[in-house]
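**Q** Here's the letter readout for the chains.
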Amino acid sequence: MRYDLGDARIRVPDRINKGDVITVNAIVSHPMDTGFFRTKDGDPIPAYFINEVRVQYGDAEVARFEWTSGISRDPIVSFSLRADREAPLTMTWKDNRGGVFKQSVNIAFTAA
Amino acid sequence: MSDPLGRRSFLQRTAVSLAALAGSKALVSSGRLLAAAPPRWGPEDPEVPNAEVARILRERFGDRPIRRGHVQLDMPAVAEDGRVVPVIIESDLPMTAERYVKGVHLIVDHNPDAHVAGFYLTPELGAVSISTRIKMKRTTWVRCILETNTGDVWAGYTKVLVTLNGCG
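Those sequence lines, one after another, are chains L and W.
The first sequence begins at -5 in the working numbering and counts up by one.
The second sequence begins at 96 in the working numbering and counts up by one.
A few of these clues could be false.
[What the hints assert, rightly or not] Label-pair ranges, simulated between beta-carbon atoms: (1) W:S226 to L:G0: 19 to 25 Å; (2) W:I183 to L:D37: 34 to 40 Å; (3) L:D53 to W:D169: 31 to 37 Å; (4) W:N260 to L:D68: 52 to 58 Å; (5) W:V173 to L:T84: 42 to 48 Å.
[Unchecked claim] Straight-line distance between alpha carbons at most 30 Å, and here's what the computed DSS-like set of lysine-lysine pairs gives: (6) L:K12 to L:K96; (7) W:K197 to L:K96; (8) L:K88 to L:K34; (9) W:K254 to W:K197; (10) L:K12 to W:K254; (11) L:K34 to W:K197.
[To be verified] Here's a subset of chain W near chain L, in silico, CB distances under 8 Å, partners left out: (12) V179; (13) V203; (14) A212; (15) A222; (16) S226; (17) R228; (18) L259.
Keep in mind the hints are simulated off the structure, nothing from the lab.
Quantities reported herein were computed from a predicted structural model and do not represent experimental measurements.
Note that CB positions come from ideal geometry on N, CA and C, so glycine has one too.
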């Protein structure tokens, strides 16, 4: 499998009705190196991990996650969201070397 | 195996003395911790194992009691690969504008970086239901501690047996 740093996906249910509490699933490709491992040649692999995640729903920041290298490689996270308006849901992952990765999905209601 | 009895009794004696050593160490350290801080948790809650976890709890929650309840922390009892251990956190606490869970903290007692993650939430989430995957160095207690906007602190604990070190 090709490895694309920062490649991110967000999944929400296909059918959403106004007011539903939905589950949002997200994954981002990142090595999440702890800084404690070494390569086969014995060189230390420096710490490299996502330390902040922000979740924006429309104009509001609805959640913020503070992470360490204790989160597994290619971090997944899921959380709930009350879908009370049609608006984009944007997640931003930031790593300890200044890398910023973004992904959005549109929260839209199923036509009645 | 010419002398199985001798070998067995040697092993037994070693095990007993090791257990005694471990026991006395645990007593000494718990005595120290009790002297340093008044007990803020129930008798069945896991002890604070080291200065790092004590510091995290003090910095995040001050002197507030950490009561068990309202937190469901689902993790495997045995994690074969410490690099990828699934975690599911749920709570029955309300998520309304007036009363909501504002922070969820995941603490792995014997990880090099014990405060693995903090999740800061708002009422817009509608419920507390978080899942992710974490790394674990070795068999240890995992603490999930919730903080509400009114300042209450609730905790759930689970012990996870780790076979393969996932932290290096």
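**Q** Could you run down the list of hints and mark each one as holding or not?
**A** Hints versus structure:
1. Here the CB-CB span from W:S226 to L:G0 is close to 21 Å, well matched to the stated 19 to 25 Å.
2. Here the CB-CB span from W:I183 to L:D37 is close to 37 Å, well matched to the stated 34 to 40 Å.
3. Judged by the Cβ atoms, the range 31 to 37 Å given for L:D53 and W:D169 holds: they are separated by roughly 34 Å.
4. Checked against the given bound of 52 to 58 Å, the beta carbons of W:N260 and L:D68, roughly 19 Å apart, lie outside it.
5. For W:V173 paired with L:T84, a C-beta distance near 38 Å fails the hint of 42 to 48 Å.
6. For the proposed pair L:K12 and L:K96, the alpha carbon gap of about 25 Å is at most 30 Å, so the pair holds.
7. Of the supplied pair hints, the one linking W:K197 and L:K96 holds, its CA atoms being roughly 24 Å apart against a limit of 30 Å.
8. This hinted pair checks out: L:K88 and L:K34 have alpha carbons roughly 28 Å apart, not beyond 30 Å.
9. Distance hint between W:K254 and W:K197 is fulfilled; the C-alpha atoms sit about 25 Å from each other, no more than 30 Å.
10. Note on L:K12 and W:K254: the hinted pairing is violated, with a Cα-Cα distance of about 39 Å set against a maximum of 30 Å.
11. The suggested pairing of L:K34 with W:K197 is violated, with an alpha-carbon distance near 43 Å, which exceeds 30 Å.
12. Interface restraint check for W:V179: the shortest CB-CB distance to chain L comes to about 5 Å, inside 8 Å, so the restraint holds.
13. About 7 Å separates the beta-carbon of W:V203 from the nearest beta-carbon of chain L, less than 8 Å, and the hint is met.
14. Residue-level restraint check for W:A212 holds (minimum Cβ-Cβ distance to chain L is 5 Å; threshold 8 Å).
15. Given hint, W:A222 at the interface with chain L, holds; its Cβ is 4 Å from that chain's nearest Cβ, closer than 8 Å.
16. At about 5 Å, the closest approach between the beta carbon of W:S226 and any beta carbon in chain L falls short of 8 Å, and the interface hint on this residue holds.
17. Hint on W:R228 holds. Least Cβ distance to chain L is approximately 4 Å, under the 8 Å limit.
18. Interface restraint check for W:L259: the shortest CB-CB distance to chain L comes to about 13 Å, outside 8 Å, so the restraint is violated.
Violation of the numbered hints given earlier is confined to hints 4, 5, 10, 11, 18; the remaining hints are satisfied by the structure.
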